[in-house]
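Number of protein chains: 2
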Amino acid sequence: MKYCLHCASPLVLRIPEGDDRERLCCDNCNAIFYLNPKNIVGTLPVYENKVLLCKRAIEPRLGKWTLPAGFMENGESSLTGAIRETKEEAGASVTVMDDCLYTLFNLPSINQVYMFFRVELTNLDFTPGYESKEVALFNEQEIPWSEIAFPVVKSTLEHYFKDLQNQHFPVRMFDVLHEKDRSITIHLVSIQEKVD
Amino acid sequence: MKYCLHCASPLVLRIPEGDDRERLCCDNCNAIFYLNPKNIVGTLPVYENKVLLCKRAIEPRLGKWTLPAGFMENGESSLTGAIRETKEEAGASVTVMDDCLYTLFNLPSINQVYMFFRVELTNLDFTPGYESKEVALFNEQEIPWSEIAFPVVKSTLEHYFKDLQNQHFPVRMFDVLHEKDRSITIHLVSIQEKVD
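Protein chains in written order, with the working numbering: chain A, 896 to 1091; chain B, 896 to 1091.
Mixed in with the good hints there might be a few duds.
[As the list claims (entries may be wrong)] Here are some of the chain A residues that sit facing chain B, going by a computed Cβ distance under 8 Å: (1) CYS899; (2) ALA903; (3) VAL907; (4) LEU974; (5) GLU1074.
[Said to hold, decoys possible] Away from chain A, derived, C-beta distances all over 12 Å, residues of chain B: (6) PRO905; (7) ASP915; (8) ASN944; (9) ARG956; (10) LEU1019; (11) GLU1042; (12) PRO1046.
[Said to hold, decoys possible] A few chain B positions that, by computed beta-carbon distances, are all more than 12 Å from chain A: (13) PRO955; (14) GLY970; (15) GLY976; (16) THR1022; (17) ILE1038; (18) ASP1076.
For the record, the hints were derived by calculation from the structure and aren't laboratory data. Think of the CB as a built atom: it goes at the ideal place given N, C-alpha and C, for glycine as much as any other residue.
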């Protein structure tokens, strides 16, 4: 980012008055540009004891399997965005449960927040969209565990199959940290307590 | 937004190849600019039977009472952002509970997502920061209900005092809709079921 979006003047990196961190500032029109994390919203689509996964037709992680998810757009809610991505990537229609919010992941190293919602496939009329090579249903044993595209997807699937045994699906939030040795660690931040 | 951040050429609003909605595109350097919702993260700081509120010293809603909250920054998680805002706006140190995630609000009309976390004040050493005129503790009866800055704050407070009676604090997500007559309606999207 080098030039002002409003007046095309060169931007300067400095701490604006009343702020405590460097921002891209325009000294011509006084605009300040803030960079904030983006939300990625997706679903965990369930049919009987199986979940729907998409084989990625695009980079990153081309050829790996993922849950349908994508960037939340302006003008939509996180759930409607997740349903839209499920339609776009898997051609799937879904039914939403009252307790659909399921996992949230903060990825501070790459300025992203993921949110996954549990949904039920309305029918078996799914088909790969532009960003998918293949869409299929898998039970726990069938899931290509070593071919999952992203740690947040793998974590969501692992928790889902454990929670399925208890028939209790608590909302969980995690921090995903990219360590210096390039390993990734996932830390539980919040979990809804089970009420006795 | 009129000029490219990278090369200062004029931007054009059009649908890029493979996309389905208009984006700001640069036909000189081929950059595409995506606009996405921003997250606002905050806390509901509790001390005994009281909650901490801040009287706003800045617009919007100058002079109204709010929970400490602000834009999530790049490089932080939503919870660490909420704790940072609580320190900045109320000078308050907090202790985080295992089930801290509490309310989420999608505001599609203004491209925002709010997240509030329940936390406990570590001590009574709080003091107004730059953006607050006053910081104080209120029990349910003392809260200036007609002077609350934002509907998402009022909703979070209302649910908190109801949940306090049941000692059960489910994670709730809402859509906040700005209607054509300028009224605001709040719709429950997801609630963690109570387990028997």
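Just double-check B/ASN944 for me: nearest Cβ-Cβ distance to chain A has to come out over 12 Å.
Fine: 20 Å to the nearest Cβ keeps B/ASN944 off the interface.
Decide, holds or violated, for the assertion that all CB atoms of chain A are farther than 12 Å from the CB of B/PRO955.
holds, 16 Å
Given as non-interface: B/PRO905, which should sit over 12 Å from chain A by C-beta:
violated, 8 Å
Taking 8 Å as the limit, does the beta-carbon of A/ALA903 come near enough to a beta-carbon in chain B?
holds, 4 Å
Whether B/PRO1046 stays farther than 12 Å from all C-beta atoms of chain A, as the label says:
holds, 15 Å
12 Å cut-off, C-beta based - B/ARG956 kept clear of every residue in chain A:
Label holds. Min Cβ-Cβ 18 Å, cutoff 12 Å.
Can we trust that B/ASP915 is non-interface, i.e. its beta-carbon lies farther than 12 Å from all of chain A?
violated, 8 Å
Per the CB criterion, is A/CYS899 less than 8 Å away from chain B?
holds, 7 Å
B/GLY976: least C-beta distance to chain A exceeds 12 Å?
Incorrect as stated: the minimum Cβ-Cβ distance to chain A is 9 Å, not above 12 Å.
Is the nearest Cβ of chain A still more than 12 Å from the Cβ of B/GLU1042?
holds, 24 Å
Separation of B/THR1022 from chain A, once the least beta-carbon distance is taken, above 12 Å
Non-interface label on B/THR1022 holds, nearest chain A Cβ at 17 Å vs cutoff 12 Å.
12 Å Cβ clearance of B/ASP1076 from chain A
holds, 19 Å
Going through the hint list in order, the structure does not satisfy hints 3, 5, 6, 7, 14 and 15.
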